[in-house]
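Every letter in the sequence shown is one number past the one before it in this note's numbering, and letter 231, counting from 1, is 1550.
Don't read these hints as lab results, they were simulated from the structure.
The model shown is predicted, which means the values in this text are computed figures rather than measured ones.
Since no wrong hints were added, every one of them can be taken at face value.
Distance ranges between label pairs, derived from CB positions: (1) Gly1415 with Gln1516: 38 to 48 Å; (2) Gln1516 with Arg1470: 15 to 25 Å; (3) Gly1572 with Gly1468: 45 to 55 Å; (4) Pro1616 with Ala1526: 27 to 37 Å; (5) Ala1526 with Gly1468: 21 to 31 Å; (6) Arg1592 with Pro1490: 41 to 51 Å.
Listed below are the simulated EDC-like cross-link pairs for lysine to aspartate or glutamate, each with C-alpha atoms no more than 20 Å apart in a straight line: (7) Lys1589 with Glu1561; (8) Lys1543 with Glu1600; (9) Lys1589 with Asp1377; (10) Lys1589 with Glu1600; (11) Lys1589 with Glu1554; (12) Lys1589 with Asp1559; (13) Lys1589 with Asp1605; (14) Lys1642 with Asp1674; (15) Lys1642 with Asp1528.
Even glycine gets a Cβ: it sits at the ideal position worked out from N, Cα and C.
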Amino acid sequence: MSPRAGSAGPRTLAFVESPVQLLNVLEWAHAHALRAGNSQGDAPPGPGLTLVVLSPTDPMTRGQLRRMAELARQEGYEVRWEEARGGATAPFQTVGGLAGPLRRATRVVMGDPFSRYVQLLLTITRARDLVVVDDGTATMEFVGQLARGERLVRWHRKGGRPAPRDLLFAPVSSAARRRLTPGGRRSVEVFSSMPVQETPRGVTVTANDFAWTRARFGPPHVTKGADLVGTSLVETGVVDGERYLAAVRALAGAHGATRYFAHRRESAEKLHRLAVETGLEVVRPDLPLELIARRGPIGRTVLSFPSTVVHTLPLALAGTGVKVAVCDIDPAWLTDTASPRAQGFLSGVTGTARDVHRLSRVSAV
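Given these sequences and hints, build the entire structure.
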């Protein structure tokens, strides 16, 4: 039995669907242990924590999740891997198998409150303590929507007409939003490295400073060059692919970047073309970039478009001398189908970032 799993079964269940979510559950557990008074960070978050991986089908994401799951096991946590999308019957088997542990859990930690899977599981649990850990910039939108009493919709989809399946799922989504609203004896915590400007009434916001990452990895070897961080804005339909390639080429040329750290959702076709046309070495990280950067080697300058890393990398690399620089998205790069919220949201991601250098927009023609 895991040293952190209580004899009566796990009292804390954490549901993750991405490597970054799993990393931030480990950061939350570490911070919770420190708040409990153990300066070594070894006290468990409650009598037991079990991480439940609701595995996606994307090979890159699965690979990173397996590496992160191994790190979690090394920390002494139990990991339960669920093939949640492994066929037509998989969701029923997954939900059925988790119903018992969910009803017994006193705390539920989740990395993506927008996930239909997570929203469905929230309708089953009786847990009075709910925790939302970072899922990147989406956390900013979640907190704002909760504060304004709006339905939970991912920022890059907001503004479009709801699909038929969205309408069918609406009652579950509404029930999940009510569960995520503090009331009575139910508490809600948001554990985040992102800026929270609209705090919902009754919600506790706890800062994630990547203490676990800094304690376990590095400091890194810092090279003289520059590295560029990729984004999946093309894959999500926000930014035009041709404009993005031109912007990467211009940014790399202006700053002498030699490596391109690909986002796990970037397509192989786009990355191949990017490597050919820019000469950049495309790196497919096997762990979240915060850990890759902390282990090193990493460039003295890290270039990024608006994304989560402009908030997280300065924290993970604190004290190393690495400069994180962000280049804004030009409105001309947006696709015709991009959400009306896209430009304002991306500008907000950049504008609220701390300890980063702002770069002038590059020409993408």
